[in-house]
Amino acid sequence: MTLLSAQKISYSINDKKLFHGLSFNVQNGEALHVKGSNGSGKSTLLRILLGITPPSKGKIERSNPDLKISYLGHKNAIKNYLTPAQNLELLFNESELGIALKWLRELDLSSVQEELTSNLSFGQKKKLALIRVLAKPQELIVLDEPFVGLDQDASQILNNFLVNQLSNQVSLIFTSHIHPDVECKVLDLSNNSA
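All you need for our numbering is the position in the sequence shown, starting with 1, plus 36.
These aren't lab readings, by the way, just hints derived from the structure by calculation. Note that the Cβ used here is the ideal one computed from N, Cα and C, for glycine as well. Possibly wrong hints are sitting among the right ones.
Pair ranges (Cβ atoms, derived) [said to hold, decoys possible]:
#	residue 1	residue 2	range
1	LYS104	LEU133	33 to 43 Å
2	SER146	GLY75	32 to 42 Å
3	HIS110	ASN200	21 to 31 Å
4	GLU142	GLN43	32 to 42 Å
5	SER146	PHE60	25 to 35 Å
6	LYS104	ASN61	33 to 43 Å
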């Protein structure tokens, strides 16, 4: 079943076309890898698919208007003035918090869970932000450069998680300069500007 459909999507900034006429579908349990050079519009396309940014032309259709989406963009969207444990308490309800804390241990963040998040390394902050996706998977996962800043172990944990989600019919749309070990369709924006 088609989860999401893009029909002739175009986007321009100040008369400069980032991309034009993009049409594609994402099925249940399917991954789409959005590739392209810096400035080709990868992050913008993700925001259009999420309904955050309107396209200049074209339309996005979802199989369900209440489609459950997990999203992690370039910005980690975590509170630096809180501890990792407090960040998780803010993001998750009581019944979900146990799963989130399990991922905190899995990603080797237990030893820093009571430190201020501002004191964590870039990679530790990235892992903390990823827990939002890992602990609350939805029908569609959208990730913008999810592997940047992750060490090898964390990259493998994320890769295994994504493979598992795809096998459970969760769909995935992501940008990455690092090609993960997941079977996916590729949409290359480098050849689509005009």
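LYS104 versus ASN61 beta-carbon gap, inside 33 to 43 Å or not: At 19 Å between Cβs, range violated.
When you take the CB atoms of HIS110 and ASN200, is the distance between them in 21 to 31 Å? Holds, at about 25 Å.
Could you tell me whether the CB distance from LYS104 to LEU133 stays inside 33 to 43 Å? 19 Å, violated
Okay, SER146 versus GLY75 on CB: inside 32 to 42 Å? 39 Å, holds
Check the following: the C-beta atoms of GLU142 and GLN43 are separated by a distance inside 32 to 42 Å. 39 Å, holds
Taking the Cβ atom of SER146 and the Cβ atom of PHE60, is their distance within the range 25 to 35 Å? 41 Å, violated
Violated hints, listed in ascending order, are 1, 5, 6; each of the other numbered hints is respected by the structure.
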